[in-house]
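Trainee: So the chains spell out like this:
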Amino acid sequence: MAIGLIVNPIAGMGGSVGLKGTDGKEMQARALVLGAKPHCLDRTRQAMETLAAAFPRAEIIAAAGRMGADAVAGLGLHTETIPLNSSPNASETRRIAAIMSKRGVSLLVFAGGDGTARDVVSATGLKTPVLGIPAGVKMHSGVFAVNPRAAGRLVADLLSDSGRRIGFRKVEIMDIDEDGLREGEISARLYGYARAPYAKLLLQAAKGRSPVYDDAALQGACNEIASEMNPNVLYLIGPGTTAKRVLTALGLEGTLLGVDAVRNGRIEATDVTEQQALQLAASGQVGIVVGVTGQQGFVFGRGNQQIGPEIIQRAGTDHITVVAGAGKLAILPEPVLRIDTGDPDLDDSLRGYRRVRVGRGQSMMMRME
Amino acid sequence: MTVESRAHPWMAISAPGVVEQMLQEIGAKTVDELFEQVPKDHYRKLPPDLPPTLLSEAELRRDLLGKLRKNRTCEEYLNFLGAGCWQHHVPSVVEEIVGRTEFMTNVWGSPQSDVGRNQAWFEFSSQLGALLNMDVVQLPVYSWGCAAGHAIRMAARLTGRKKVLVPKFIDPERLSVIRTYCEPAEMKSHIEVVLVEADPDSLCLDMEDLKSKISSDVAAVYFENPSYVGMIEAAGAEIAQLARNNGAETIVGVDPVSLGVITAPGDYGADIAVGPTQPLGVHMNGGGGVGGFLASRDEEHYVRQFNGFLVSITETMTPGEYGFGLACAHQNSYGMREDGNDWTGNSVYLWAVANAVYMSLLGPQGFVELGQLIISRAQFAASRLQSIDGVSVSSPTGFFKEFVVNFDGTGKSVAEINTGLMRSGIFGGKDLSAEIPELGQSALYCVTEIHNAADIETLVAAMAEVVQ
Amino acid sequence: MRKDSEIRQFHAAKWHEPIVMELGRPGARGQVFADPEQTILDAVGDASALIPAAMRRKDRAELPEMTEFEVQRHYLHLSQMTLGMMGISLFGTCTMKYNSRMAEIATNRPELAETHPYQPAETLQGTMEIIHDFDLILRSLSGMDQFVFQPGGGADAAYTMTAVARAYWQAKGQLGKRDEVITSIQAHPCNAATAAAAGFKVVTLPLEENGYPSVEALKAAVSDRTALLMINNPDDMGIYNPDIKEWVRIVKQAGGLCFYDHANFNGVMGKLSARELGFDACMFMLHKTFGGPKGGGGPAVGAFGCSEELAPFLPTPVIVNNDGQYVLDEDRPQSSGKIREFWGNVPIVVKAYAWARCMGADGINLASDISVLANNYMDHKLSSIRGVAKSHPDFGKWRMEMTRWGLGPMQEETGIGTVEAANRMADFGIDPWWMSHEPWVVAEPFTPEAGELWSKEDLDQWIAGLQQISDEAYSNPELVKTAPHNQPIAQIKGDWLEDPEAWAMTWRAYQRKHPASGSDASGRSSATAAAGGD
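Residue numbers (the working numbering), protein chains in the order written: chain A, 2 to 370; chain B, 700 to 1167; chain C, 18 to 551.
In isolation and in its complexed conformation, chain A is listed as follows (with noise of 0.2 Å):
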């Protein structure tokens, strides 16, 4: 029962600037330029470190230096090393995850984005089931694990427990045309399917195609949060159509899929990054209006990453708006909404039930994980 282990280690830069992903050279060189931080292997280490307390018998079959074994070294954990034949890179991780799946491992633990989790499957297919540390910009793909420490508890729980509250389901694998996001268009394309790894439910909430029309209610639910904002503060809006309608509501025209910074009523910047949106915050008070992203219900952590842990602590959770309909909230395909800011502490702090708006005087009472 030996565990796989491959990180990207360039994976999740852009986000934090803004970028929308890191695929290809040029834009990882102008993620750096823009003060980015390598953080993929961090994340992997907080895997690891909840894999370790939990099931410190795994056995760990890892790429070399820092496309793995870094992030394991001095757990403890048996490890076997598969060495490098060049710097990371796409190539690279394809070779390495076909070693893997040939010497059967009975799960490949990726970190990294949606282009990571191609670069894997393609090499796994449906053969060797994969689970993605979340660490990329884009993690539209269904093998992304709720966020690092989930991923390293999930792992655990399979090499427990054999099979018995852990089952396999087949996910898509899912990219986004880099170059149409940072224009503005999403296009999400389907790339394949993988066996991932998931949590079984007692009851499971059945996922619905609700012909539900949550237009009116969410532009109401917008409106009235346009309509209660506070002067002086500074409120990071976005991104997504809905965190876009309270722009709309308040005659703001803002980008669809950046940060917009709005105070008194003004935009200050688009598209921000978190070190921007605290230079402008300086010493006021800040507000987060959020969407829903993605099918999981991600409210940090994904598609959202320049807003920060640094920025949301600076909000408080008081200071915190999230947006969705409510046709979407009841067909998520588990009740809950997730946060994955980066910093596990915080994760914590936000963890609970929080009312999310999603009509004019409506509101869900949602749990956080």
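For the record, the hints were derived by calculation from the structure and aren't laboratory data.
C-beta: ideal position from N, C-alpha, C; glycine also.
Take the hints with a grain of salt, since some may be wrong.
Claimed, not checked - Estimated spans, in silico, between C-beta atoms of each pair:
#	chain 1	residue 1	chain 2	residue 2	range
1	C	A271	A	P334	28 to 34 Å
2	C	A271	B	D898	50 to 56 Å
3	C	L153	B	A706	47 to 53 Å
4	C	Q351	B	E794	38 to 44 Å
5	C	M119	A	P334	48 to 54 Å
6	B	R761	C	E515	50 to 56 Å
7	A	M2	B	M1016	41 to 47 Å
8	C	E429	B	R761	29 to 35 Å
9	A	E311	C	E429	50 to 56 Å
What the hints assert, rightly or not - Below, computed lysine to aspartate or glutamate pairings styled on EDC-like, alpha-carbon distance capped at 16 Å:
#	chain 1	residue 1	chain 2	residue 2
10	C	K510	B	D900
11	C	K407	C	D396
12	C	K31	B	E1020
13	C	K189	B	E885
14	B	K887	A	E225
15	B	K744	C	D150
16	C	K288	B	D731
17	B	K766	C	D150
18	C	K288	B	E735
19	C	K262	B	D740
20	B	K861	B	E885
21	B	K739	C	D260
22	B	K887	A	E229
23	C	K75	B	E735
24	C	K288	B	D748
25	B	K739	C	E263
26	C	K288	B	D740
Chains B and C: place on chain A using the hints.
Mentor: Frame of chain A, contents of chains B and C only:
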């Protein structure tokens, strides 16, 4: 559970042995086992204490009729009560059709399986639209007051304003319902109800007071034609124009049986029309026959504000065939939670079928004859009552089927007079003395096609005796 | 003799019935009215002169001109083109019952039909006695202290609750502050909708892993702003929330009111008491649970009952028994105000009273037993039909009186979903089913409710219908997709219904918007002839 040895006539599975057979098929030992979800401490402590079971239809019938016979009816008594519930002739064909089990027992079928009912509903809207000269008629709501309440809320949403002008002489029952719909002042969406004075002579709307109260913060002017006290509001077009000049909606409450002879609200500027449906072929039923209609011009911004069911004619997959479906189905609360335009639910849709049959039976000439007959007899009754010493009619002309009779000159109260009339087998008019004190000892009398000249003379004779 | 496992053949009446506006001929009459008597004419003169000139109608209303028989025949045809429970209807959440013909006939008698609500109370003692006796029956079933019958349906009773809550909090001086109503996603949408229409903010609790909202979610929602909890139990999926007593405790501890929407009373009637569970108020639907006819959507009654503490805030009038004399109590200064004119749909109250008397306490208890048994019998049989999926498949316990099912697998595998299958059900004389309130949390939902009326043979027929549809979906899906085939009309086209240029809610609007298709008698008759073969 013990199955009684005698099966219940309304429960097939109560026949001996069926429960046991079904339990066996599903693999359960007892019925109690099937209630495993309910915690034991949730069960009630004592069984309900109900009166003895009347399993026999004959016994049950006897119980029901024995009680109902304690009532006195408007067939035995000569009735002059109206005020929101009126005694009109109900054609027998209407009774037959609404008694049809298919119409009586159906719930929501598909547009195909219940096409007959849907067509009847469309014909309700179509015929009422022809009387109102308005293109959009919703299926009825619970009552006239509810229809007025919804219409006022529609107007508030349309205009973004929070004030409605309503005539001071309005049915207090209806006004109470309207106030419920307009919400208490503490609520954020409260709509302020401002009463417009009545002209003391004509009892119609006081135009000067209306002009002083209307402004750019008024969502709607609501008035009735004929009014609560029976008066035909001759200034309808002027009121509507005044509302329009101030950006307010005009909502008119109308009695549909008057529309053979009185101008349709669509022809004097109504944006929304409301009114009662009970006069169109529904028995009074002790007040349980009421319903309210809601109609507007066919403009999308109005249509999008309706709260209930809008039945539209449509095509089917077979060329040339009619079908019917719900238009804008997602704006009521069944389709979309929480932000539907108000809410909807079961209403009085069976009465819509009665109304449709009634309107088909009368046709255009029937409504003309009915209107002429009612106004003639009502006018006659008023003038005959006025001939009695001490009795006067507060506004002696210009009413439709109801009018205010004043007894101040008799030195007697309405209550005393009505008690006296009861002894002659007459239900006198509704006592207004408490609700409209400025009209003194007055009562609202209702005369319709069911009162012939002899009935009116009977009333006059009894009245003359009582006021002595 | 047909076997139960075989579906009965059926074809609906198909009259190709014109719209009533197309029928008749100029001058034809269905009802005439007497001319005013000569004495009247002599006294008042010409009727039209009695109307102010500006208000005299100049046009003739464009109504049909038909004989009495033609009107009767037209509407009888329409009744025949309405399936309306003539076969089998297991329309979930509506609790289809036998509607006593005797009660119908009794309420059509003049002793009820020809009475006016403002008649002196002493002339309406019979009606008041029945209403009061029925009030006592409902009090006994619920533990509440007073019922009123003014609300015209379940949603109107929910609205009554919000109005009573407003009056209650107004009296406590907390109306502006207590501005939130808590409900759950599986409660009837009217709860949320009426609360919003009454001016409250609404907090909705979602279903969680156990199949119902969690106590923790409720705790997070409850605060000193909580005015009211509006909840039903069991829900439409057949799940009973076992924490309900704890819910009530939590809300009341925060000072809030608790309302039990008894829409799903049929499975627990005679067994639970809303008051004993701690609720302050509840609602019963007399046109569902208590055997009143539905009339295609009313007249209906949502009987609203509450505790002594809330009773002063009820809408008036309340019928009171004063030493054997029944009187209308209008003098209730703290009343919420009226929800609707008069006392409610009196005939339905009388029919519900008749139902309760004929059932009796034992019959009511037996009926809830049977309805839960029959639902679990349905569940047992439905689970073996291909393409059919049960909500909460791993729940593992017997359900209450109805279960939500779905055709998700069938839809994925064959393209036949709940709408197509419901249309096809009508071809067997079975009323199309209730799907689900929105949002749909089960894919392609349908919600059968067996109730206590239907026989085992009826249930078997219904199941056989769905079995046949499943067989067809996997062998000849086109047959189901194009259904219905045995109904008065073919599938309707929906494209006019959301299009302001095309929708027509009246014949006037239809003629204006569709001049080519309207009143084209020749086109219509040829189409009718072409369709005549089926």
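Trainee: Each hint should be assessed against the structure and marked as holding or not.
Mentor: Hints, verified against the model:
1. C:A271 <-> A:P334: 28 to 34 Å: Between A271 (chain C) and P334 (chain A), where Cβ atoms are some 32 Å apart, the hint holds.
2. C:A271 <-> B:D898: 50 to 56 Å: With a Cβ separation near 53 Å, A271 (chain C) and D898 (chain B) satisfy 50 to 56 Å, so the hint holds.
3. C:L153 <-> B:A706: 47 to 53 Å: With a Cβ separation near 28 Å, L153 (chain C) and A706 (chain B) fall outside 47 to 53 Å, so the hint is violated.
4. C:Q351 <-> B:E794: 38 to 44 Å: holds, 41 Å
5. C:M119 <-> A:P334: 48 to 54 Å: holds, 52 Å
6. B:R761 <-> C:E515: 50 to 56 Å: holds, 54 Å
7. A:M2 <-> B:M1016: 41 to 47 Å: violated, 59 Å
8. C:E429 <-> B:R761: 29 to 35 Å: violated, 58 Å
9. A:E311 <-> C:E429: 50 to 56 Å: violated, 45 Å
10. C:K510 <-> B:D900: violated, 56 Å
11. C:K407 <-> C:D396: holds, 8 Å
12. C:K31 <-> B:E1020: Holds: K31 (chain C) and E1020 (chain B) sit about 12 Å apart, inside 16 Å.
13. C:K189 <-> B:E885: holds, 13 Å
14. B:K887 <-> A:E225: Answer holds: K887 (chain B) to E225 (chain A) is near 13 Å, not above 16 Å.
15. B:K744 <-> C:D150: Cα-Cα ~22 Å, so violated.
16. C:K288 <-> B:D731: holds, 11 Å
17. B:K766 <-> C:D150: holds, 11 Å
18. C:K288 <-> B:E735: holds, 13 Å
19. C:K262 <-> B:D740: holds, 9 Å
20. B:K861 <-> B:E885: Holds: K861 (chain B) and E885 (chain B) sit about 13 Å apart, inside 16 Å.
21. B:K739 <-> C:D260: Satisfied, since the Cα-Cα distance of roughly 12 Å is no more than 16 Å.
22. B:K887 <-> A:E229: holds, 14 Å
23. C:K75 <-> B:E735: violated, 70 Å
24. C:K288 <-> B:D748: Distance ~12 Å between K288 (chain C) and D748 (chain B) Cα, so the pair holds.
25. B:K739 <-> C:E263: Cα-Cα ~14 Å, so holds.
26. C:K288 <-> B:D740: With a Cα-Cα distance of about 11 Å, the restraint between K288 (chain C) and D740 (chain B) holds, given a limit of 16 Å.
Of the numbered hints listed earlier, those contradicted by the structure are 3, 7, 8, 9, 10, 15 and 23.
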